[in-house]
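Asker: Protein chains in written order, with the UniProt record's numbering: chain F, 1 to 326; chain H, 1 to 326; chain P, 1 to 326.
Within a straight-line C-alpha distance of at most 25 Å, the following computed DMTMM-like cross-link-like pairs (lysine to aspartate or glutamate) qualify:
1. P/K48 with H/E43
2. F/K162 with F/D196
3. F/K132 with P/E298
4. H/K48 with F/E43
5. H/K132 with F/E298
Chain F regions said to be covered by chain H (calculated; three or more residues, Cβ under 8 Å):
6. 33 to 47
7. 72 to 79
8. 272 to 280
If you only want the chain F side, here are some residues facing chain P, beta carbon under 8 Å, derived:
9. H53
10. G54
11. T56
12. D82
13. L84
14. L86
15. D101
16. R104
17. N105
18. A108
19. M109
20. Q110
21. A319
Treat the hints as calculated values from the structure; they're not laboratory data. The beta carbon of each residue, even a glycine, is placed where N, CA and C say it ideally should be.
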Amino acid sequence: MSNTHFQLDRQGRLLHFLTIEGLKRHHLIEILDTAESLRGVAERRVKKLPTLHGKTVVNLFFEASTRTRTTFELAAKRLSADVLTLNIATSSAVKGESLLDTLRNIEAMQCDMFVVRHEQSGAAEFIARHVKPHIAVLNAGDGRHAHPTQAMLDVFTIRRHKPAFEALQVAIVGDILHSRVARSLIHALGILGTPDIRVIAPRTLLPVDVEKLGVRVFDNPTIGLRGVDVIVMLRLQKERMAGALLPSEREFFQCYGLTEERLALAKPDAIVMHPGPINRGVEIDSRVADGPRSVILEQVTNGIAARMAIMSITLGNHARPTGEQI
Amino acid sequence: MSNTHFQLDRQGRLLHFLTIEGLKRHHLIEILDTAESLRGVAERRVKKLPTLHGKTVVNLFFEASTRTRTTFELAAKRLSADVLTLNIATSSAVKGESLLDTLRNIEAMQCDMFVVRHEQSGAAEFIARHVKPHIAVLNAGDGRHAHPTQAMLDVFTIRRHKPAFEALQVAIVGDILHSRVARSLIHALGILGTPDIRVIAPRTLLPVDVEKLGVRVFDNPTIGLRGVDVIVMLRLQKERMAGALLPSEREFFQCYGLTEERLALAKPDAIVMHPGPINRGVEIDSRVADGPRSVILEQVTNGIAARMAIMSITLGNHARPTGEQI
Amino acid sequence: MSNTHFQLDRQGRLLHFLTIEGLKRHHLIEILDTAESLRGVAERRVKKLPTLHGKTVVNLFFEASTRTRTTFELAAKRLSADVLTLNIATSSAVKGESLLDTLRNIEAMQCDMFVVRHEQSGAAEFIARHVKPHIAVLNAGDGRHAHPTQAMLDVFTIRRHKPAFEALQVAIVGDILHSRVARSLIHALGILGTPDIRVIAPRTLLPVDVEKLGVRVFDNPTIGLRGVDVIVMLRLQKERMAGALLPSEREFFQCYGLTEERLALAKPDAIVMHPGPINRGVEIDSRVADGPRSVILEQVTNGIAARMAIMSITLGNHARPTGEQI
Numbered sequence: 001m002s003n004t005h006f007q008l009d010r011q012g013r014l015l016h017f018l019t020i021e022g023l024k025r026h027h028l029i030e031i032l033d034t035a036e037s038l039r040g041v042a043e044r045r046v047k048k049l050p051t052l053h054g055k056t057v058v059n060l061f062f063e064a065s066t067r068t069r070t071t072f073e074l075a076a077k078r079l080s081a082d083v084l085t086l087n088i089a090t091s092s093a094v095k096g097e098s099l100l101d102t103l104r105n106i107e108a109m110q111c112d113m114f115v116v117r118h119e120q121s122g123a124a125e126f127i128a129r130h131v132k133p134h135i136a137v138l139n140a141g142d143g144r145h146a147h148p149t150q151a152m153l154d155v156f157t158i159r160r161h162k163p164a165f166e167a168l169q170v171a172i173v174g175d176i177l178h179s180r181v182a183r184s185l186i187h188a189l190g191i192l193g194t195p196d197i198r199v200i201a202p203r204t205l206l207p208v209d210v211e212k213l214g215v216r217v218f219d220n221p222t223i224g225l226r227g228v229d230v231i232v233m234l235r236l237q238k239e240r241m242a243g244a245l246l247p248s249e250r251e252f253f254q255c256y257g258l259t260e261e262r263l264a265l266a267k268p269d270a271i272v273m274h275p276g277p278i279n280r281g282v283e284i285d286s287r288v289a290d291g292p293r294s295v296i297l298e299q300v301t302n303g304i305a306a307r308m309a310i311m312s313i314t315l316g317n318h319a320r321p322t323g324e325q326i
Numbered sequence: 001m002s003n004t005h006f007q008l009d010r011q012g013r014l015l016h017f018l019t020i021e022g023l024k025r026h027h028l029i030e031i032l033d034t035a036e037s038l039r040g041v042a043e044r045r046v047k048k049l050p051t052l053h054g055k056t057v058v059n060l061f062f063e064a065s066t067r068t069r070t071t072f073e074l075a076a077k078r079l080s081a082d083v084l085t086l087n088i089a090t091s092s093a094v095k096g097e098s099l100l101d102t103l104r105n106i107e108a109m110q111c112d113m114f115v116v117r118h119e120q121s122g123a124a125e126f127i128a129r130h131v132k133p134h135i136a137v138l139n140a141g142d143g144r145h146a147h148p149t150q151a152m153l154d155v156f157t158i159r160r161h162k163p164a165f166e167a168l169q170v171a172i173v174g175d176i177l178h179s180r181v182a183r184s185l186i187h188a189l190g191i192l193g194t195p196d197i198r199v200i201a202p203r204t205l206l207p208v209d210v211e212k213l214g215v216r217v218f219d220n221p222t223i224g225l226r227g228v229d230v231i232v233m234l235r236l237q238k239e240r241m242a243g244a245l246l247p248s249e250r251e252f253f254q255c256y257g258l259t260e261e262r263l264a265l266a267k268p269d270a271i272v273m274h275p276g277p278i279n280r281g282v283e284i285d286s287r288v289a290d291g292p293r294s295v296i297l298e299q300v301t302n303g304i305a306a307r308m309a310i311m312s313i314t315l316g317n318h319a320r321p322t323g324e325q326i
Numbered sequence: 001m002s003n004t005h006f007q008l009d010r011q012g013r014l015l016h017f018l019t020i021e022g023l024k025r026h027h028l029i030e031i032l033d034t035a036e037s038l039r040g041v042a043e044r045r046v047k048k049l050p051t052l053h054g055k056t057v058v059n060l061f062f063e064a065s066t067r068t069r070t071t072f073e074l075a076a077k078r079l080s081a082d083v084l085t086l087n088i089a090t091s092s093a094v095k096g097e098s099l100l101d102t103l104r105n106i107e108a109m110q111c112d113m114f115v116v117r118h119e120q121s122g123a124a125e126f127i128a129r130h131v132k133p134h135i136a137v138l139n140a141g142d143g144r145h146a147h148p149t150q151a152m153l154d155v156f157t158i159r160r161h162k163p164a165f166e167a168l169q170v171a172i173v174g175d176i177l178h179s180r181v182a183r184s185l186i187h188a189l190g191i192l193g194t195p196d197i198r199v200i201a202p203r204t205l206l207p208v209d210v211e212k213l214g215v216r217v218f219d220n221p222t223i224g225l226r227g228v229d230v231i232v233m234l235r236l237q238k239e240r241m242a243g244a245l246l247p248s249e250r251e252f253f254q255c256y257g258l259t260e261e262r263l264a265l266a267k268p269d270a271i272v273m274h275p276g277p278i279n280r281g282v283e284i285d286s287r288v289a290d291g292p293r294s295v296i297l298e299q300v301t302n303g304i305a306a307r308m309a310i311m312s313i314t315l316g317n318h319a320r321p322t323g324e325q326i
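Chain F on its own, in the form it takes in the complex (with noise of 0.2 Å):
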């Protein structure tokens, strides 16, 4: 994977984060223990670090996600950080001006991190290569590839409540074939060392090499959540799915959304969790979602301290004489 070493400097530190695939346990590790100690800083009552005070962090959002560019933006702001958001479907494109035109244009800003959203598979990575060397590139989704500070605050939300990796079973549920949170989420736990990853979802919503991956496949979810310790329930991506490959919801629902009853065949402290927002009713039971076992709503407390924490990281790379830069 060119990217892999691409999101790296020659001292093997993260300038950008646009996959998770390819990185080491360490910098895995380097990010979560950042995160933990700024999860605190939103408990205080000045929720506020000088960390990024006078940088500017730019949200290019060519794809609409209320959430995620809030996440983004509340870390930036909690980082003292100025913050441009760009629509970009709605904005340059209407004098018919290029992508690379545009990207151009607000490097020239001299603003220091572009946070991407993009429907194409590899926007980010296009940009990181396009960028000045100055600018840290994070990957806010793109397409179906990936969603790496999505899979960061899932590891994290699991690591707070299961420290050991080594020893987990973990159990995917859903549209695996859409997902990029899923593919994103495999690559972490498998670098974190879990030997257990399951995917659960009927085969025409799993990508053909989906074992390649390094996870165990069931399309029943009677057998495949016995004994997990966490469950990540997916999104239906309904505006992503382009033909029939699903029946209906309700079938969808009763084949495998997460009831109570299903909840049983995990262990008894498993844990729930879902990247929001929920489909009641389609992938998950009401009461499961806000029932005891439930960490979906720590999820996103914990994404703005994740994604807090790759900021200061890869930005903080960046600080560096720019001559060590690849």
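Put chains H and P on the given structure of chain F with help from the hints.
Answerer: Just chains H and P, lined up with the frame of chain F:
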């Protein structure tokens, strides 16, 4: 009114600001006195106080309002808060998320205050009942129900010109039926001891039980305006009117519009108010709106001070140990 | 020109920045020198100065422009101002409020500076004439009239490469007729003593009285570009052209587009400028736009410094006792 007590803690201090109804005189005086001291901030070269530094204020606007949103945003920024504006109609609603799930997610981002504008009466209280105890909710207008920060800036403006509420004659003219401004103002004036509150409107624009609010009803402005100290003209809420309650704008102006002739019926030093935006030639003649007795633009200035005061007070009351909270 | 003097105080200092026309050389030099000292700010690790801390800058954009709005927003934030962006077309216009009432309301919120973009010539001056004396108004482009901050960033960029304006030959190529950029730049170059300003365009894209601006007119770029130090290509303002003044984009490129061949006619160290966004293959060939003599992206960087300078100077002049003001 359940909400009367709901917005207070056990010591009777303001945790939210949802409605004027049921508040005590000391609550209003505290806001007015704080607003008075904050009003000077905007006249200083550095218009900022560190009061809300490190706090996150979220504008939740389910109903468009540039003016009100802007004054809340400025008030928060002048208190050094970080401000997030979410236009709910155009964001998570796209993905079919329920209001409660949206709220849960925003509060999980560890925000401190929600400023809520909604076209449905009771929306702000509903939200206040469902957010975590550390979050303060301010009602920035809910349906026909209440607009309590507008009422506070109105009585703040009145007090700066006519400090003795217990000797005041106030006339509120126009579409009382659809006006949350009128409802909240009548409550505030009553609590502050105003002995003579008059509403002047055609019967079709009056609520059925309007006298129960403690007001005197006039349908003839020539009689109703006589000798008053304060005239509050209401905006003809065309966008809220269903059906033909009125013959025409022109006819309304002829019968109720504030002209210099009608203004002459009031006390010589009477002040003229309007919550804005004004419909020139519909509820008010331009010569009056722009004339020497108009304090309409002072209301805008005072609105920022009043909102800064309410933000400071409610968040200050939340800053106690959480164990103390209801 | 009434506006010539209108933007100055009695001591001849800039209170607003509406047009280049009628300014003195020392006004421009003060802006250029200030921009030069501010340019370094963006290269520091902490890209912020406290100059406008506690000030409120309002972007009043009646015409969409992500690029210009963004540079003003960044300039204001790097000077520590609070920034409010109002897209007027979509906000209070909804409720039918007049422009003057909107202005009165925003100024009542005790803002310090209005940055105005409007499709009508004279709009910024109109606003400057009607706001309270403590408010500085910057013209961010009004119709075909002026774009003075663009002109200042252009001459700032020229001076960084060719400091001696009194020895300069400058060619401005393209749609002069619809270009507020060209008008303002011609004024600025003239004030700075540029002896040879050329406009190169088909007659249909030239104002009737263009020679009165003190320029030499060429319709043939092969002659007009000969020996120049600076080439300023204008954007083909397709959205501003009514009727068929041009045969086709392709024909325009063949006749006037800046190619490497045409660039070779200029001095060997000539610089190539463009206000952006560029139409590749219409007014400029990509090899030139991205080539070693292009300073197009430097213009973007310099635009922030120039705007920071203009903001600092105009607000600084407002900070005197108000009694001194006109």
